[in-house]
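Protein chains: 2
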Amino acid sequence: MVEFMMPFTIDVNLQNGIIPNAPIVQTRHLSDLQGLFADSAAESALLAENPILYEVYEATENPVVEGHLRYSTTVIYPGKVGDEYFFTKGHYHAIGDRAELYLGLLGEGYLLLQTPAGEVHALRMLPGTAAYVPPYWGHRTINVGTENFVFFACYPADAGYDYASIAEKGFAQIMVERAGKPELVANPKWRT
Amino acid sequence: MVEFMMPFTIDVNLQNGIIPNAPIVQTRHLSDLQGLFADSAAESALLAENPILYEVYEATENPVVEGHLRYSTTVIYPGKVGDEYFFTKGHYHAIGDRAELYLGLLGEGYLLLQTPAGEVHALRMLPGTAAYVPPYWGHRTINVGTENFVFFACYPADAGYDYASIAEKGFAQIMVERAGKPELVANPKWRT
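As given, the protein sequences belong to chains F and L, one line each in that order. Counting with the working numbering, you get residues 1 to 192 for the letters of the first sequence. Counting with the working numbering, you get residues 1 to 192 for the letters of the second sequence.
For reference, chain F alone in the conformation it holds in the complex (with noise of 0.2 Å):
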């Protein structure tokens, strides 16, 4: 006997990127990312006024259950922690093979994706970038702009989270400003 769920909208301010009754908000301040960017004496020094880097507005809280959907938008505040612009945590999915959407809708920024062994991908974002990531890469979101980053994100409801890959290797690659310009340099605190 099939349940059917019952539809249903949640409003999305395209003009911010915020989700005013999202269900679930996560504010992620520099200590919440601690250890992860490269300059550590700047990390450090910046501690002491812990920005908040990003926030994620989760859409829904539908079933984890294959075939569902869930999205978010993601607020990515301007900033450097020293020449490392600021970014999103990253993670590979629990369930390797589940893809996911990203839509550019402010600011300019980019994907950074990962392969396990180290292999990297940047892919630029501006409004109406369509970026998608592929089912096992890891991934992480960079804002390289001077205004807040603000992107929609689609993903199979059961992909799942796996962050301690990250925590533990980074990325092999990072994104830091050269000449006032954003640039892929590797990464040296990167351990595969």
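Calculated from the structure, these hints are not laboratory results. Just so you know, not all the hints are guaranteed correct.
Unchecked claim - One-sided excerpt, in silico: chain L residues whose CB lies under 8 Å from chain F: (1) 5; (2) 14; (3) 16; (4) 44; (5) 68; (6) 121; (7) 129; (8) 137; (9) 154.
Using N, Cα and C, we set each Cβ at its ideal position, and we do this for glycine too.
Since the structure of chain F is provided, determine the placement of chain L on it from the hints.
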């Protein structure tokens, strides 16, 4: 051995919904939906002109494989057949437990949902409305405004399409103009 598909982006024009480099563009004329509107005389008369009702820009040809996602934009033009607003064909998913997500970008419309038994829900969509099609619900979108109604859609790549059920039976209720406003009324052509 895991195969890593190359990450990629495609640009969506958020001002008009068009995906300029879409690998597939579907253009649906009235003749493609013949027999689906309630007012057969009005439909026949309008067939001489055979207007375009809507266009779908498929953003990807991602593999039809569990875990992958596909995504598209749909542009429904404003107009009516008799007093019934232009709509998309509508379908169930071939794999019934696959959900779908819509994000309104421009204009004003409705997402019409139906169970196979004929229970109908209509969700109003404006720019920023994230509307969820839970598993097993048939779904159709309708432009009730005077401008193009444009939305972004994301769905599991293996969801598939079942158009036949809607083509044979239609929706139990239809969206018509009454005193200048959209109203949901019983479909005289509905067959249980």
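Okay, the hints, checked on the actual structure:
1. Because the closest C-beta pair between residue 5 of chain L and chain F is about 4 Å apart, less than 8 Å, the hint holds.
2. This hint holds: residue 14 of chain L has a C-beta 5 Å from the nearest C-beta of chain F, less than the 8 Å allowed.
3. Annotation: interface hint on residue 16 of chain L violated; nearest CB of chain F at approximately 10 Å, more than 8 Å.
4. Checking residue 44 of chain L against chain F: minimum C-beta separation of about 33 Å lies over 8 Å; hint violated.
5. Here the hint on residue 68 of chain L is kept, as its CB sits about 5 Å from the closest CB of chain F, short of 8 Å.
6. The interface hint given for residue 121 of chain L holds, since its Cβ lies 5 Å from the closest Cβ of chain F, which is under the 8 Å cut-off.
7. Taking 8 Å as the C-beta contact cut-off toward chain F, the hint placing residue 129 of chain L at the interface holds, the least distance being around 5 Å.
8. The beta carbon of residue 137 of chain L is positioned within 8 Å of a beta carbon in chain F (closest approach about 6 Å), and the interface hint is therefore held.
9. Contact between residue 154 of chain L and chain F, as hinted, is supported at the beta carbon level, the nearest pair being about 4 Å apart and thus within 8 Å.
Hint check: violations occur at hints 3, 4; the rest are consistent with the structure.
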